[in-house]
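Asks: What follows is each chain in one-letter form.
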Amino acid sequence: MTKKKELELYLHIPFCVRKCAYCDFLSFSSGKDKQREYMERLLDEIHVVGEQCREYRISTIFVGGGTPSSLDSKWIVEMMKRIRERFVIAEGAEISLEANPGTVTEEKLSDYRRAGINRLSFGLQSADNRELSLLGRIHTWEEFLESFHMARQAGFANLNVDLMSGLPGQSLASWKETIKKTAGLEPEHISAYSLILEEGTPFFERYSAGGPESRFLPDEDTEREMYHQTRSLLGSFGYERYEISNYARPGKECLHNLGYWTDVPYRGLGLGASSYMEGERFCNESDLGLYLKGSFRERKQVQRLTKKEQQEEFFFVGLRLVRGVSLKEFERRFGVPATAVYPGVMERFVREGAARLENGWFKLTELGLDVSNYVMRGFLQE
Amino acid sequence: MADISQDKIRNFCIIAHIDHGKSTLADRIIEHTGLLTSREMQAQVLDNMELERERGITIKSQAVRIVYKAKNGEEYIFNLIDTPGHVDFNYEVSRSLAACDGAVLVVDAAQGIEAQTLANVYLALDHDLDVFPVINKIDLPSAEPDRVAAEIEDVIGLEAHNAPRISAKMGLNIDDVLEAIVEKIPAPGGDPAAPLQALIFDSVYDSYRGVIVFCRVKEGTVRRGTPIRMMATNASYDVVEVGYFGAGQFIPCDELSAGMVGYITASIKNVKDTRVGDTITSRENPCAEPLPGYKKVTPMVYCGMYPADGAKYPELRDALEKLQLNDASLFFEPETSVALGFGFRCGFLGLLHLEIIQERLEREYNLDLVTTAPSVVYRIHKTNGDVLDLTNPTNMPDPSEIEYMEEPIVSAEIMVTTEFVGAIMKLCQERRGVYLGMEYMEATRALLKYELPLNEIIYDFFDALKSRSRGYASFDYELKGYERSELVKLDILINREEVDALSFIVFAGSAYERGRRMCEKLKDEIPRHLFEIPIQAAVGGKIIARETVKAMRKDVLAKCYGGDITRKKKLLEKQKEGKKRMRQVGSVEIPQKAFMSVLKLDDE
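Chains A and B are the protein sequences, given in the same order. Numbering of the first sequence is given in numbering that gives the first Met the number 0, commencing with residue 0 and proceeding in unit increments. Numbering of the second sequence is given in numbering that gives the first Met the number 0, commencing with residue 0 and proceeding in unit increments.
Check before you lean on any hint, since a few could be wrong.
[Claimed, not checked] Not everything, but these chain B residues come out facing chain A in the computed CB check (under 8 Å):
no.	residue
1	ASP18
2	ARG431
3	VAL433
4	LEU529
5	PRO533
6	VAL555
7	LEU556
8	ALA557
9	LYS558
10	CYS559
11	TYR560
12	GLY562
13	ILE564
14	THR565
15	GLN574
Hints were generated in silico from the structure; no laboratory data involved. The beta carbon of each residue, even a glycine, is placed where N, CA and C say it ideally should be.
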């Protein structure tokens, strides 16, 4: 038997109880019938795509959304069953599911366990109930606590909590409080993002520069202070920052996300899901009606990556990791040293204090992490 | 078309304030005389440069010959000469007028007389043209043709109660205009047998035929083979072809004789030989005197033009050379800037001329340009007795070598409704204007007369005038001469390095205010870097203003998943695209538009 290649699977569940005011993901609330119709089509897609991925072994699975935990858990069970029928899954593969506090029950959690889910990611965002309500979240800190403990009780040994800084009305003190309360629960992994105002969201209208309530956002200095304090506080709790916004206990990094930043191929299933494999990026229909009618046999919106684009991505995706990018790996993949493709570029960033060269790795400094786009732009070619 | 008798020719132009409908009326006249069907008629036939159409102004003179069958049964030849419509091109306007025998004055039925209406009428009367008025836009709800007719009679003194009342846009009463042209514009005179005397009113360069000279024959006759001489430039040629102007094409004919308007080609390589206003005569039988009124046009406004991409310097030079083939008033010479590298110091008739050349270089030659602050020509009297015309602030001698300086002054007329008189007077005072007087046109409108330094009006005066009068003020000026003035060179330092391309000359009393606003503006224009950037304004080494661009604190995309990678890349590329239009000065990147935008400093 030939050795199978590594592939990650992403499954998109676009349903939410209610859409949050800052969210620009492909998600919406809907009734049971729509959910059934969608999940049946997703099962079909798993069936069809599984056939196309015979030479792959699945190393990680991530069920994201939306709020997958808002669905009737029987669908998750069905979905995982179908995946196991159609794909080869590596032993001990990381299988994550996104859950929102207030949407999980003991029954759901035990269904997930039986379905093989071994990692849950809770969208908490803040430990401050006033901040939560401003975000349009449907849960309180207390409800989160209950869900978190319930998950531990159900046997989940690998938990992530998502947090957000830079929120309207948030102070440095309240952010530190959120971190301390969360870290005190000892989840294996914490994602701490700073709020991005996405065009087309109510938050963008309200809070972006010049908007009616932009003054309620923490100013830039405070926001950066929040970011820097996150690292030192979480460090004191034993978490290490391994990506711009991700922190983990040693060995508990999210393998699925690590794959995105290290050129591992992935296949996305479900509404609007993106894929990257065999040198191509492609993307499913993001219109629900079209998705439901699709045959899933052909790749859509295919973009074949040129060598130049692969080199660019090597840097601007790879630099998200705190460890940086390996210049030896660049030369192995492209047959040419990075210094020849980017003469003077790395040196310039080192000189400016935004990056460091260490044992053949090029990595961002603390300053570079604050202004990573500035550095990443330097690796786009003409 | 041989044997046209002079009494069947009408040479005329249409004059108007901007937007009063000059080009639309020209289109209607051409359409009504059957030269083009309405389907063929592109909007505004005469303004055929893309830029002219967009801006709604005429840049080059254009001419067209039309045959009109009048109500008396006779056929007439109309030569319609369209004149440039902006104060920058006043000299070209005057030469176009000199090629005509009469003018149609278009006045907007809602707006009435404006500053350029008056300026153009006076210019036409100076050239002894017969002027008759037409009241346009009578279809507008706000039209008041009776009031405007009375105004024309009161203010200009032209008989107007029988003036054609038309809507050029709707094609209403255009016949009245055509009949009035026959009746009221005099036929040309001149003797076809006399020595040749032809006035050049424009010329264009054609890569096959060389320069095509637009002329009005005043005396004599010119035909293929005539040996000609330009009396001012002394250039000699033998005529290859003569002809007249069809719509958008040149139609050859046997000869052009006294009274006729047409073109001449003679394998002329450069428009420099065919200056507007010069007289063409015959070498065999020369006339005694050139036609009056020729003057060599000199640029009034200078700026540096640099290719955004330094490697494009030869392309910029080629493009300027090509434009100059068509535009004898464009001046350029190489110059070097520490900040911007190799480029050209270019001279223009005015700011509009500058903007037009800049846009043509960018559009027609696909060049990305960095333009430095426009400057007028200052006259420096040095202590050693030398007199220097300064066109580039960088070349200003050390103050110890300067006895005194002079700057160009214009006489300006501003027409404005009385409610804004106060605001406009305040503006003129801020711009160092000297009040000469005010006349009331009617109860609600006044004509303000000022003397203003040219350097106070070339940047943003027109914008300021419009915004402070809610668009109601109109403005016209002419150069009066030079006057002694207290002037200093204002330098800008970015990150403690002087940026030569941002230096400019300013009235000493305004230096502090200008410097402060420049720094504020640059602070907004210069993106944040990884380090703090001081921006300073200095006069003679003394810092008079300072701002600081804070160091970049954050430029990061907090969240990036697999599905975001394409989007993220687009974002980075967009940011990088913006970066291309930057100039590296020392370790600071300055957006190219900062070099121009700092001049729009009026904030009221």
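Asks: All the hints need checking, so say for each whether the structure fits it.
Replies: Verification of the hints:
no., hint, verdict
1, ASP18, "violated (33 Å)"
2, ARG431, "violated (36 Å)"
3, VAL433, "violated (42 Å)"
4, LEU529, "holds (5 Å)"
5, PRO533, "violated (18 Å)"
6, VAL555, "holds (5 Å)"
7, LEU556, "holds (6 Å)"
8, ALA557, "holds (4 Å)"
9, LYS558, "holds (5 Å)"
10, CYS559, "holds (6 Å)"
11, TYR560, "holds (6 Å)"
12, GLY562, "holds (4 Å)"
13, ILE564, "holds (6 Å)"
14, THR565, "holds (6 Å)"
15, GLN574, "holds (6 Å)"
Going through the hint list in order, the structure does not satisfy hints 1, 2, 3, 5.
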